[in-house]
Every structure is written in C-alpha cells, then in structure tokens.
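Asks: Listed here are the chains, written in short residue letters.
Number of protein chains: 2
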Amino acid sequence: MTQPQIQTLDAFDPLARKRDQFSIPEGLIYLDGNSLGVLPKGVLGRLEHVVGQEWGTDLIRSWNKHGWMDLPVKVGAKIAHLIGAEADEVVAADSTSVNLFKVLLAALKLRPERKVIVSDIDNFPTDLYIAQGVNELLGGAYELRFVKKDTVEAAIDDSVAVVMLTEVDYRTGYRYDMRRVTEITHQYDAISLWDLAHSAGAFPVRLNHCGADFAVGCGYKYLNGGPGAPAFLFVAKRHQQAAIPFLSGWMGHKAPFAFTPEYAPAEDIRRLTVGTPSVLGMSALDTALDVFADVGMAQLRQKSLKLTDLFMELMEPLCAEYGFELVTPREPERRGSQVSYTHPEGYAIMQALIDSAVIGDFRAPDIVRFGFTPLYLGFADVYEAVERLKTVMGTGKWKEPCFQVREKVT
Amino acid sequence: MTQPQIQTLDAFDPLARKRDQFSIPEGLIYLDGNSLGVLPKGVLGRLEHVVGQEWGTDLIRSWNKHGWMDLPVKVGAKIAHLIGAEADEVVAADSTSVNLFKVLLAALKLRPERKVIVSDIDNFPTDLYIAQGVNELLGGAYELRFVKKDTVEAAIDDSVAVVMLTEVDYRTGYRYDMRRVTEITHQYDAISLWDLAHSAGAFPVRLNHCGADFAVGCGYKYLNGGPGAPAFLFVAKRHQQAAIPFLSGWMGHKAPFAFTPEYAPAEDIRRLTVGTPSVLGMSALDTALDVFADVGMAQLRQKSLKLTDLFMELMEPLCAEYGFELVTPREPERRGSQVSYTHPEGYAIMQALIDSAVIGDFRAPDIVRFGFTPLYLGFADVYEAVERLKTVMGTGKWKEPCFQVREKVT
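Keeping their order, the protein sequence lines are chains A and B. In short: position in the first sequence from 1, add 8, done, that's the working numbering. In short: position in the second sequence from 1, add 8, done, that's the working numbering.
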C-alpha cells in the first residue's frame, strides 16, 4: 500500500476522532496498548476530583455521596457492554490473578466429582500458576492437563471439570474460537473459564453468545484504566447463585454494614468481591471506559483488522530481508489486535526500536510483539512504525551494546 | 480541664507542626481517621506526576524508570518501620481481606495436623468471614472457635493451629496484649495472626518484640493512604521460606518475567504478592507514609493518650446527663486511639453531630465511635467536638427526622 492510499484510509477513518481523547506523547508511536493502554485525557481531572473533593473534602461521606460503594458494579456494567454480557454479570475487583483464583474455585465446585483442569501450556503464566496454587491448596487432587493449542480440544473429555483458556495468546496473538471450544466444553458437561486480558476492549467479545460460564480480564490493557487498574470478572447469570465465594470478604456479604459474624453471600455478582474497592483505581477505570461510550465494537474491530493487515503487508519486505517470522495467524477470526514475529535478536531489536520512539514489546524467548489499539492509532502510524524499524535494521542500530542489556519489563 | 489549659497543651504540642501536612476542610473536626484517614497534601502532586508523567508520557517504561515494580516492597518497608518489623518482612498488596486469606492459609499449612482456628466473635466481620471461607474451601475440617474476648486465652490449647485476632477492637477500641496472647499462643505451639487495621500508624506496634508470626493491616485508616488504599501483610522472617503462597500469581514468582509455565515462589516476602500492583493506590500510599518520616511513634502515642484522656474527661458530664456509656477501657495499655460509647439513639446522634461538622461514626447496634489521629488533631479540636455534641444533645437536634434515616456507611 502506498502513502497516499494510507492517507486516504486515515481521512475516511470514522474512529480517527477518538485519538483526541487520549494523551499521546508527541512523536511517539505506541504499539503496546496490549500491555498498558495510554492515558485517556479525562482521567486526570477525574482523579483530581476524587482526591481533592471526594477524599479531601467530603471524606468518609463519599462512600454514599460520590457512589464509591457502587463503583465495582458500575464499572462492571460498562465492561459488560464491551464483552457481550449483561450489566449484572460483571464486576470490577482485585487483580486478574486474584479473580482467576476466585472463579476457578467457584467453577471447580460446580463439578466436585471431576478432577481435571484443562489449559494451554502457552497460556499467560499467571493463569497456569493460579491453577497450580489451587491444586496444591486442594491437596493435589487435580490433574493439570496443560497442553499445546492444537490438542486442547482433544484434551477435553468427561473427566474434565474446567477448561481455562485465554482467548488471545499474549505472545502470538492467536485467538481461540470461543464459541466452538465452549461448545465442546459443554458437550462434556465441563465448565468454561475465559481470560479476556487481550480481548476486552480490543474487539467485540460475545460471552453470552458463546455460552461462556466464567471469565476474567484486565483493566489496564485495551481498557486503558491505568497501571495496575482493577480487573474484572464475569459469572453467567445461571451460575451466580451456585458460585461460592470462597474468598469471602465483607464486600461480598449480602449486608456488609450489618456487621454480623456469619458470612452470607450477596445474591448477585457482588458476592465475588472481597475487600474495600480501590477507589482511585476504580475511578480512573470508570472514566477511561467512557471513551467507549460512542464506539461501535464492530467498527472498532474493522479498523483493528485494517491496521494489522496493513502492518503485516508493510512488514513483508522486512521479513524477507531480516528474518522476522510472523507467528500471528493471518486469518482474521484467529487473531486479536496484535501482530507478533519471532526473531533471534528480538530483544535488542525491540530496545533499539523503542529508542526510535516506536514502543512495542518483547516476550521471551524471541517474540517481538506489536499491539494495535484502534482508538488512538492511525494508518500513518503503522506506516511510520515500519519505516523506523526499517531504519533500525538497515543501520544495524540494534547491534549497539546498550540495546543488548536486558532489564525486566512488563 | 479548662480552655486555657487546653490552649497550653496545643502550644506545647511537638506534633502540632504536622497538621499543616494534611488537607483538612475548614471548620471540620474529623474524628474518623480510623475509618478513612484525611488527605496528606503531598498526595495530589504525586498522583499528578504518576498520571501525567509516568503513565501519560513514559508509559510502559515506567515499570523500571519510575520503580513501579518495586512499589509493593518499598511501601512495605515504610510500613514495617511503624509496626516493629524488619523492612523485608512487610509488603503492600491487595486488600486486607485478600491478605488475610493468603496468610491464614499459609499459617494453617504450618500446623497441618491441627484443626482449630481461634478468634474473637467480635472481630471485624471480614476476618471471621475469611476464616469461614477458608474452612469451607478446606472441606469444613476446621473448628472455628470464635469466642468472647475474656475467654480467648482459655480457648487456646494444643489443638489450635492459628490464633487470629485484631489487636484493637473496631467497635470498643479495646486493645489486646499482643505480647501476652502471642506468648500463650506459642506455649501451645500455635501460630499467631494479627490484624493491625486499627493499630498501624495509630501507635507503636511491636510485632517482632511480641514474637508475632503473621499480620495484616489496612492502608486507608491511620496510614492515610486514601479510599481503598492497598493493604499490607507481614510474615516473620523465620516463616518466609515455609509460607506457601496458595494464591500463586505471577508477581509472587521468583522470576515473573521469565514467563515459565511452572510456578516457583520468590525467596522473599514478594511471594505473597499476586497480580500487578495497583500503581495509583500504591503511589498515593507511598507519599502518605512520608508524613511519618520525622515522627517518633512513642511521641505519637503520648499525644494520642492525652487526646483520648481529654476527650473522656470532657465527655463525663454528657455521660451523666445524656446516658452515653463508655465502652473503651480507660487503662492506656488496653486501648488504641479511639474512644467509643454506647447510646440507644447513637445512630441519630451521630448523624446530627456530623451535620454539626464533627465527623465520628456509628457501628451497629448502638456504638458511637471517635477516632483520634495525633498527626492532625489538636486539643482544641477535642474541646470543640465535645462542645458541639453538647449542643446536639442540649437542643435535641438529633431528634429531627432527617437524622433518623439510616444509610449505609463504612
């Protein structure tokens, strides 16, 4: 595609107007919204109000006056809208890992006689770690059937309690067929648990359409809620009465302010909340989600595919010349909103590219990863990103010693 | 005590200088710092930096550049200093309830053959709820020996795995003798778990001096970290290698960024962290804690006792005339930094008092509760608070219908 064609794409992009709602550093091309979304402009003002007026002035009265108590369900309802759930099926709370722990325990309890948890060995590690911790806690009674993607379906049988998968692979960007896998899961009367870390806000997720049972997801990637934003969890309406909140804190009690010594879970999704909600984080996420209010998710997906298609097209000469290998499926249905390549020098190349003001990220052992957030990226950004990578490769900039030193990143 | 004497107390108060570091609404007397601490002035600027510069501009690079990764241990070390622990024995994470769940499981695992958990039936409900959830999760194998305070010691025997208590009672302000109870706990080779919700930042806690094994606490009360601030947990050094993190998320992994599928806990206190830290909340708490940097905890305690002594003295005529009954022990060793009374019309009286710009709070069924934070309260505030309560009672203001309507508060 030529530069004038790309300019045309931007000129006719119905989502181009959204970019102005984000604070993006001048000259920076940010392809890491799948790790930490950029700052929506409204967030700072919201936090100034929360800190100065709500906390600073109204103090304890704000629990009622400013609706602090309801933030988890209010934010949950906004997320529900993006993931194909009902407003009362989602709540914002804790971290993704803690939520996974809660819903995995609840899901296992629905199939007490079964002792197998199926997952993808390439799942994001925290998902696998949580399953390991749960198994250790329950006396090692479970078989953790962690397999490669191409054998996940075959691994599901009638010994399986829960099939726990992340819809989009954090490294390759591979996207499961949620409907198909959930159907197979249900054929064997097992429970499905989906991690939407790289799905929510990236494209239209359709939890109820797919028949999903449980889900969790992250607030700080495509939802732009800020570093360490509260995460969320989903429990299908049909399971809510039976979903036992083993992490039974007072916010999940049906009457938290009755201060009775006996735990009794809330009737609704609030039962899976635990302690006092993080008001600063919840408020930031609440405002961040407003960016989606006038965005059609189908439209978002359409742009996401165009952006990633363009990126893959422009990268083809670099693949041929410098040995990048595409690991993201080309088929639209099988990928999220990121594009990944392997390259043996991936780490140093990504450091040099970041130094050239194109931020993507690196995932061990050899993956360079580019996330595309349709709300704030244009087609010219994609073109320019590839141009800068071309320069990094052409000049050999990545070979400079400073780019070889590894530091931890998230 | 007379008004001139009270003025003298303020004039010679070495902590009077600290008030200027807090943002306190004009005319308001805030006696609810044991529920939500007031805003330290430095917090807003810190958050503006975290949002504008760190998140908004430096984005994902801030995990290293601005030390986001280290916030949980950095904040933990600051708290350790206030509670008589070593810097590497405390970490800030999650909510108090989630932390209780984590350390209770770890503590129980240290005494696998024992099946009794001792607690105080008047403990803050979430503590009791968490024990109930843990027991249900572990198949109901435990006896939950929840007893009245005066029989806690007698309830400890060699069948007991864990003695789980909140040092200061949230309703009455009664303070356990941590050293004595911990010693009795250890005589029976049981494990002690202390909840410091109403202790940390209120007076010098001496965890290691008392031989405590585990502890948790709250960031938004006397530590002034803001609504829903991250909580903290303590594991005595001698238990850290054996404390199993059943809630095994990636942040507790010994190499979170190696992305290996097998969980292996960090060697240190970080093993009890789980998901991505809440950077906004952690940053606010981090700055809030700086207020304590030049404060001697012994000095803080001294002022706390003077403030509460004065309050009790000034309240005596109101007790006699209006039927308030003191439920907080008078003995300094047996109380925290709050004073509570029962009154059958406590709810309405507190609402009317709040309307008179003295904020305390009410706890069911009949307790009016006043928290005294020595960092931002003066002796004249205590005097004025009692004067306003006198007016509320003398005019019968509390009988107005608007003060009778109950709403949920925290």
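Treat the hints with caution; some may be incorrect.
[Claimed, not checked] No more than 25 Å apart at the CA atoms, straight line, and that leaves these computed lysine to aspartate or glutamate pairs for DMTMM-like:
hint, chain 1, residue 1, chain 2, residue 2
1, A, LYS117, B, ASP66
2, B, LYS73, A, GLU151
3, B, LYS117, A, GLU151
4, A, LYS407, B, GLU408
5, A, LYS73, B, GLU408
6, B, LYS407, A, ASP66
7, B, LYS262, A, ASP66
8, A, LYS73, B, GLU353
[What the hints assert, rightly or not] Only some residues are given here: those of chain A computed to face chain B with a beta carbon under 8 Å:
hint, residue
9, PRO33
10, GLY35
11, VAL46
12, GLY50
13, SER105
14, LEU113
15, PHE254
16, LEU255
17, SER256
18, SER286
19, LEU326
20, CYS327
21, ALA328
22, TYR330
23, PHE370
24, ALA372
Keep in mind the hints are simulated off the structure, nothing from the lab. Remember, predicted model here, so these are calculated numbers, not experimental data. Every residue, glycine too, gets a C-beta built ideally from N, C-alpha and C.
Asks: Taking the hints in turn, state whether each one holds.
Replies: Structure-based check of each hint:
1. A:LYS117 with B:ASP66: Violated - the C-alpha atoms of B:ASP66 and A:LYS117 are around 43 Å apart, more than 25 Å.
2. B:LYS73 with A:GLU151: violated, 41 Å
3. B:LYS117 with A:GLU151: Holds, at roughly 22 Å.
4. A:LYS407 with B:GLU408: violated, 77 Å
5. A:LYS73 with B:GLU408: holds, 21 Å
6. B:LYS407 with A:ASP66: With Cα atoms ~24 Å apart, B:LYS407 and A:ASP66 stay inside 25 Å; holds.
7. B:LYS262 with A:ASP66: violated, 42 Å
8. A:LYS73 with B:GLU353: With a Cα-Cα distance of about 23 Å, the restraint between A:LYS73 and B:GLU353 holds, given a limit of 25 Å.
9. PRO33: This hint holds: A:PRO33 lies near chain B, its Cβ roughly 5 Å from the closest one there, short of 8 Å.
10. GLY35: violated, 12 Å
11. VAL46: Constraint on A:VAL46 satisfied, holds at 7 Å.
12. GLY50: Since the shortest Cβ distance to chain B is 11 Å, the answer is violated.
13. SER105: Hint holds; A:SER105 Cβ to chain B Cβ min 3 Å, cut 8 Å.
14. LEU113: holds, 7 Å
15. PHE254: Given a least distance of 4 Å, the restraint on A:PHE254 holds.
16. LEU255: holds, 5 Å
17. SER256: Holds, because the Cβ-Cβ distance from A:SER256 to chain B comes to roughly 3 Å (cut-off 8 Å).
18. SER286: holds, 4 Å
19. LEU326: Violated, about 23 Å.
20. CYS327: For A:CYS327, the interface hint is violated, since the closest Cβ of chain B sits about 24 Å away, which is over 8 Å.
21. ALA328: violated, 29 Å
22. TYR330: violated, 24 Å
23. PHE370: violated, 10 Å
24. ALA372: holds, 5 Å
Figure legend: structure checked against the earlier numbered hints; hints not met, in rising order: 1, 2, 4, 7, 10, 12, 19, 20, 21, 22 and 23.
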